[in-house]
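J.: In my numbering, the protein residues as written are 97 to 302.
Think of the hints as simulated: they come from the structure by calculation, not from any bench.
Note that the coordinates shown come from a computational prediction; the quantities given were computed from them, not determined experimentally.
The beta-carbon is built from N, C-alpha and C at its ideal position, and this holds for glycine as well.
One or more hints might be untrue.
Simulated DEER-style distance windows between Cβ atoms [what the hints assert, rightly or not]: (1) ASP203 x ALA161: 48 to 58 Å; (2) THR195 x GLN157: 17 to 27 Å; (3) GLU165 x THR261: 18 to 28 Å; (4) ILE138 x VAL102: 15 to 25 Å; (5) ILE180 x TRP252: 44 to 54 Å; (6) PRO143 x HIS109: 15 to 25 Å; (7) THR110 x HIS162: 14 to 24 Å; (8) ILE190 x ALA161: 36 to 46 Å; (9) SER124 x GLU165: 20 to 30 Å.
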Amino acid sequence: VSTTGVLQFVIAHTSWIVLVRIISSFGSAALAGYTIGIRIFIFAILPSWGLSGAAATMVGQNLGAHKPERAERAVYLTGLYNMIFLAAVAAVFITAPATLVRLFTSDVTVVPHAVDCLRIVAYGNVAYAFGMVMVQAFNGAGDTVTPTVINVLGFWLCEVPLAWTLAYRANLQVRGVFASIPLAEALITFLGLSMFMRGRWKRRRI
């Protein structure tokens, strides 16, 4: 369990390192814009990680009490709350990204990239809100293999190749990298929900 739990972290973070490498090929302004944008994003979703952790705890407690249906309801309800929260965050990122970015920089070459990052990534917020709860629900059930597989498919077999293809082949440059993020998040959510609905996690012994 601990090994696959660590792998989830490694898989996700190494994919982000690759994205940084691709973005850096488009210049320091693009990299600075991405760094600012993604830091704002990560700070804004901290409460979402708390909700996801709560979902994992509730799944573990209810499975331990032999109440899988209650665990399932808790996950869906937490996912809904998380979607509402991140939808509100997305609305701010889409409508007023420049205001947020200018709190950190006034560089006219950096601001447009940071604004693009916030706006484009925000379109995946609602899907990501539900997906992150799904992934943590598996962890709470003691199934760390499923989210590890989901991360491999979402980050390494989707996000990284897609970022490279959109940036270079489609000539979208740094915007292509940004676009790969919400698309990968949508896939992770789809995979997570599909596997969650199969219900195999309900048979895990806690």
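J.: A separate judgement is required for each hint: does it hold in the structure or not?
T.: Results of checking the hints against the structure:
1. ASP203 x ALA161: 48 to 58 Å: holds, 55 Å
2. THR195 x GLN157: 17 to 27 Å: violated, 41 Å
3. GLU165 x THR261: 18 to 28 Å: The hinted range 18 to 28 Å is violated for GLU165 and THR261, with Cβ atoms some 42 Å apart.
4. ILE138 x VAL102: 15 to 25 Å: holds, 20 Å
5. ILE180 x TRP252: 44 to 54 Å: violated, 30 Å
6. PRO143 x HIS109: 15 to 25 Å: Once the Cβ atoms are compared, 21 Å apart, the range 15 to 25 Å for HIS109 and PRO143 holds.
7. THR110 x HIS162: 14 to 24 Å: violated, 38 Å
8. ILE190 x ALA161: 36 to 46 Å: holds, 41 Å
9. SER124 x GLU165: 20 to 30 Å: Violated, since SER124 and GLU165 (Cβ atoms, about 53 Å apart) do not stay within the stated range.
Of the hints listed earlier, those the structure fails to meet are numbers 2, 3, 5, 7 and 9, in rising order.
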